[in-house]
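Chemist: Given the sequences, and given the hints that come with them, work out the whole structure.
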Amino acid sequence: MEGKESEVVLIGTWASAFCKRVELALKLKGIPYEFVEEDLENKSELLLRNNPVHRKVPVLLHKGKAIPESLVILEYIDEYWTKAPRLLPDDPYQRAKIRFWANYHDEKIAQAITPIIFSEGKEREKVIEDFQQLLKVFEEGIERDFQGKSPFLHGGNLGFLDLVVGTYACNYQAFHDSIAVVFETEKNPQFFSWLMALKDHPRIKETLPPSDKLATKYKELFLPPYSKRIATIRERYLQSPKA
Amino acid sequence: MESKEVKLLGFWVSPFSRRVEWALKVKGVGYEYIEEDIFNKSNLLLELNPVHKKVPVLVHDGKVIAESFILLEYVDETWKHHPLLPQDPHQRALARFWAKFCEEKVFETAWNALCSKGEEKQKALEQCKEAMEKMEEEVFKGKQILGSDGRSNLGYLDIAVGWISHWLPVFEEVGSMQILDPLQFPATAAWIDRFLNHPLIKDNLPPREKMLVYFHQRSQELSSTAQGWIKV
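Residue numbers (full-length UniProt numbering), protein chains in the order written: chain X, 1 to 243; chain U, 1 to 232.
By construction, these hints were calculated from the structure, which means they are not laboratory data.
Model, not experiment: these values are computed from the prediction.
Among the clues, some could well be false.
Claimed, not checked - With the C-beta cut set under 8 Å, the calculated list includes, among others, these residues of chain U facing chain X:
id, residue
1, Val51
2, Ala66
3, Glu67
4, Ile70
5, Pro89
Said to hold, decoys possible - Stretches of chain X that chain U covers, calculated by requiring three or more beta carbons in the stretch to come under 8 Å of a beta carbon on chain U:
id, stretch
6, 64 to 74
7, 80 to 93
8, 97 to 110
For glycine and all other residues, C-beta sits at the position ideal for the given N, C-alpha and C.
Modeler: Structure, rendered in structure tokens:
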């Protein structure tokens with residue numbers, strides 16, 4: 001890093017969807033950046049200094065400033081580099097709806113993966129059902145809020161929701177091969193059809209990690225023996241009150 | 001601005017619906033306030049926010065929007081005078097980051113501390129105070145808060161963390177706990193004083209006595225069940 005004057009640096013990991021979505025945003029806007037691969041089991045001084053509050057990836061470094069939290073970073077990218085393509089539309093109501101569903105995806109859908117990873121047998125079946133129910137709410141909500149004008153691949157272009165959902169859920173094959181089947185076309189046909197369309201988009205295709213490499217990584221992370229970091233996450237999950 | 005054009009569904013003691021009211025007041029936007037009984041939810045609420053079934057919900061010209069932080073941004077983008085968020089993209093990112101931090105690390109832990117006992121309560125209290133240390137350094141000594149650099153207007157961050165000024169002291173009293181030690185958090189204390197005395201806030205706070213009764217009852221109900229971790 002010494003002596004390197006990169007204007008934009010992204011600290012992240014190749015396996016993290018939250019980092020991929022930021023990479024995709026930078027690529028779409030044509031912003032050159034340096035990617036610094038972080039070892040989450042052995043966090044660097046660079047990461048700890050630039051995200052002392054959460055110590056997580058992704059963190060964007062730009063002009064000496066550090067911006068953590070992927071959704072905050074996406075909005076920053078759209079607001080600093082205002083050239084096309086725009087990630088969010090201009091209309092406040094459309095923006096509000098997109099933000100609402102991006103939050104729902106990250107706070108409900110993505111969070112519901114943790115119980116699936118750390119459970120087994122009947123309990124796992126139940127939490128998978130819960131997960132699919134969340135996807136159903138998402139499907140119905142998008143239909144209701146956007147009334148036929150799907151926010152996914154709107155006009156053929158990738159927008160905010162494509163980045164948020166696509167970089168996360170398009171990795172489903174790797175998850176199915178390593179942990180459990182959670183995205184089923186019969187249970188969530190609409191969601192699955194969005195994933196199919198997104199997966200085929202060239203920019204998404206070129207950004208996502210190879211499925212088999214990611215499946216190996218998921219097995220390494222989420223099957224015992226757990227690393228200290230994952231064991232801590234697991235403990236926290238097991239101790240938390242279940243809804 | 002016609003007052004019927006904007007409707008806000010809220011709950012008198014919810015800090016989440018109150019913050020949207022503060023934003024509307026800053027913008028000088030007239031609105032019709034609809035009090036919702038969150039323990040006996042109306043068909044209107046369930047229809048307008050079927051996903052979360054919560055307040056606040058804003059209806060503007062037939063458009064329906066939920067989630068308080070999303071609403072702050074909607075209000076700011078729709079009525080562009082008296083901006084709530086700063087212009088600079090980095091400052092905006094900081095505001096959004098700290099608003100979320102405050103919600104997740106201060107509010108949630110304070111609420112958990114209020115509704116739990118013994119070791120669990122102690123743990124939540126420690127987490128809350130740890131988070132407040134960061135708030136003191138980064139937010140209340142920062143540049144976006146009321147009083148910094150002579151600022152006398154309310155901004156996004158003031159509104160987002162405003163609950164600390166009036167709800168947190170109530171949690172402290174009801175939960176017999178201390179979080180806001182003015183010796184430990186002098187910048188926070190100074191901001192609380194300015195915020196509570198701001199003309200737009202002074203008359204727009206739920207009555208403290210009623211809040212004490214309400215949260216006393218809620219904390220009793222919640223600490224006696226397995227599920228303590230529910231938002232108001």
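Chemist: Check the structure against each numbered hint from earlier and tell me which ones fail, lowest number first.
Modeler: none
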